[in-house]
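Single-letter residue listing:
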Amino acid sequence: MSYKIVDPPAGYSSPGIFASSFEKIIGLARSNSVWPLPFATSCCGIEFMATMGSHYDLARFGSERLSFSPRQADLLMVMGTIAKKMGPIVHQVYEQMAEPRWVIAVGACASSGGIFDTYSVLQGIDEVVPVDVYVPGCPPRPEQIIEGFMKIQELVKNEPLRRRYSPEYRDLLIKYGINAIPKKEHHK
Amino acid sequence: MDYAFVLSQLNEVFPMAIKESFGSYGCETMVVEKEKIRDIALHLRDKLGFVFLTDLCGVHYPDSDLPFAVVYHFHNLEASLRFRLKVFLTAEPFVETLSDIYLAANWMERETFDFYGIDFQGHPNLIRILNVEYLDYFPMRKEYPLEDPTRADKDDRFFGR
Amino acid sequence: MSNEKTTIIQPEDTDKQYNTLNLGPTHPATHGIFQNILKMDGETVMDAEQTIGYIHRAFEKLAEHRPYYQVTPLTDRLNYCSAPINNFGWYLTVEKLLGLTTSKRIDYMRVIIMELARITDHIICNSVVGVDSGALTGFTYLFQMRELVYEIYEEISGARLTTNMGRIGGFERDFSKIAYKKINEFLKKFPKVLLQFENLLMRNRIFMDRTIQVGSIAPDRALNYGFTGPNLRAAGVDFDIRVSDPYCSYQDFEFDIPVGTQGDTYDRFCVRDAEMWESLKIIKQALENIPEGKYYMDEPGIYLPPKDKVYSQMEALIWHFKIVMGEAGYPPGELYHSVEGANGELGFYLISDGGRTPYRLHFRRPCFIYYQAFPEMIKGGVLSDAILTMSSMNVIAGELDA
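Chains as they are written, first to last, in the working numbering: chain A, 1 to 188; chain B, 189 to 349; chain C, 350 to 751.
The set of hints was computed from the structure by calculation and includes no laboratory data.
Don't be surprised by glycine CBs; every beta carbon is placed ideally from N, CA and C.
Among the clues, some could well be false.
One side only, chain C facing chain A, incomplete, derived with CB under 7 Å [stated by the list, open to error]:
| id | residue |
| --- | --- |
| 1 | Y403 |
| 2 | A407 |
| 3 | L510 |
| 4 | D558 |
Go ahead and model the full structure; you've got the sequences and the hints to work with.
Structure (structure tokens):
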């Protein structure tokens with residue numbers, strides 16, 4: 001049996017030492033151990049169960065551990081219709097997650113309201129939380145969900161360490177009514 | 189037991205309560221007075237064996253004198269007989285609850301209240317069930333639009349309007 | 350009688366402090382969006398209050414604005430674990446409105462798909478009962494079988510979960526050879542895996558201790574609460590619409606209706622399990638006896654003409670246009686039609702005023718009605734039993750909130 005090990009990031013190596021930027025190494029580690037919080041409300045949740053099942057097996061991508069508690073989760077996966085009654089709860093769950101956090105909107109409903117352009121459905125979860133990746137489909141196939149997940153991995157891998165302290169990011173959070181991380185002087 | 193028997197029984201016990209009776213698509217329908225609905229339901233359950241309330245829902249006919257209707261579907265499992273019972277209500281709709289006769293009616297009545305604003309008198313907990321509590325209208329009434337009227341992000345030019 | 354557990358334990362002294370536990374709406378053990386506010390005495394559930402409507406999508410309002418054809422995608426999303434049953438239930442309702450009788454071939458094709466859908470639904474429910482009682486193994490095994498069914502759906506309709514399968518008046522295309530091959534392959538593989546799953550749980554001491562006499566309901570209460578489907582049959586009432594009001598030629602098939610005695614979680618599990626075997630029996634009979642013939646009805650005003658004719662013949666183009674725009678004539682009328690969905694009686698109450706959309710369409714959603722009984726079923730039990738009871742009731746959020 002062979003194990004596949006990820007390639008090291010670009011850097012300088014000689015016997016016994018390896019020099020690279022801290023950012024890249026952290027990104028590498030993070031992107032291969034993303035703990036998702038499945039926020040499954042409807043049909044897409046069933047496809048997510050298939051994604052987690054043995055046939056498609058999301059665990060291959062370092063997400064063996066589903067974190068049902070928002071406190072330990074890195075990735076909020078919103079799957080299914082979010083009604084207006086549910087909107088504040090998504091927002092609250094997002095608020096409880098620790099930085100850095102990512103959000104993926106799985107399915108047409110979570111992305112834009114889908115076919116449910118009605119008085120009771122939130123027209124896309126980006127009205128309440130910032131979204132990193134949108135996966136289309138009603139519901140998307142497990143392959144699509146995995147593709148979206150890999151896009152998240154890409155984002156995680158290449159994210160600068162200082163992004164979460166940047167004024168742009170703080171403004172984004174304030175736009176969604178979330179208390180941003182206090183300004184840290186040494187990052188200026 | 190067949191439908192004619194049920195109709196004659198009900199006519200005997202509740203004279204003048206049944207306003208109309210007709211069949212459509214294999215399901216007989218009775219229109220009854222709304223004051224008698226509780227007594228009729230009790231009689232149906234206890235004397236005639238209609239122990240199962242299949243369905244309860246509201247309908248809105250905005251152009252009619254009696255604009256609201258509540259439609260009940262009863263089912264006698266032993267005789268495998270279904271029929272439909274309707275009451276028509278005024279523009280300030282209210283009708284007595286069946287939620288203590290059929291426990292299944294509890295949420296169905298709440299749903300009907302939520303959608304149409306029909307007041308089921310005597311219901312133990314008549315509050316909105318599906319919609320948000322702060323909704324200030326009854327969305328299934330015909331005059332209200334399907335789409336969210338407060339939406340600002342929709343440009344009518346792109347939707348052919 | 351088994352419902353001793355469901356009675357409320359009276360607190361010994363009235364000053365006792367209860368804890369309030371908020372279970373949901375995003376609790377991992379609820380498999381969907383349900384909120385239960387539980388009044389707890391230690392580990393014992395004293396009372397429960399449910400809040401639903403977290404994914405209310407206004408199906409009924411939407412249906413009043415969609416032509417008959419476009420209601421089908423809505424029905425997909427009611428009970429999404431067994432979407433084809435909802436699709437065909439809707440088609441049968443509209444065909445009843447139009448006064449059409451489908452040919453035996455269409456009926457048999459529909460029966461095959463509906464029974465496959467019933468199997469997938471029961472796979473989800475039963476394997477989730479396994480997960481909640483601590484046995485993840487069954488889940489991973491049975492879900493592979495579900496993938497096989499999805500491949501069959503894909504071969505027939507092109508979609509996996511929300512199938513939107515068939516049309517009013519038949520199917521959009523015949524079953525291909527590959528579809529038959531896949532169905533036969535499923536029939537060959539599934540019994541072995543199901544048997545393994547049964548061996549894993551059915552006589553497993555831990556599983557039996559966790560489920561027997563848990564969340565039980567008496568038959569008269571179940572009827573009063575409007576239970577249907579496997580949940581009612583587990584309580585001992587042999588009511589099945591496939592037999593009492595046969596639709597879609599179900600009268601041609603030989604099958605049993607499994608019935609439980611206690612109405613508890615174990616009986617619900619066993620009834621579902623037995624129903625899977627019965628579904629397999631029905632599929633086999635349907636495959637053996639499926640007659641030759643057309644997979645659609647020759648009703649040009651109702652059934653969409655084939656695409657090549659639309660491009661080459663004027664008449665076909667007109668019909669195509671009329672049907673797609675919803676201008677095909679639907680007579681005014683009022684009817685109720687119900688099918689045996691995977692979790693109960695799925696009914697469609699349709700009022701047509703002769704227009705292009707239904708005037709009123711009400712879905713009788715089985716789990717919306719029987720989920721009311723949940724507080725009564727869990728009262729007096731412990732919290733972990735409440736979780737098991739919930740998953741064994743097969744409450745589907747999409748159907749619950751419509």
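Structure-based check of each hint:
no.	hint	in the structure
1	Y403	5 Å, holds
2	A407	4 Å, holds
3	L510	5 Å, holds
4	D558	25 Å, violated
Comparing the model with each numbered hint stated earlier shows that hint 4 is the single one that does not hold.
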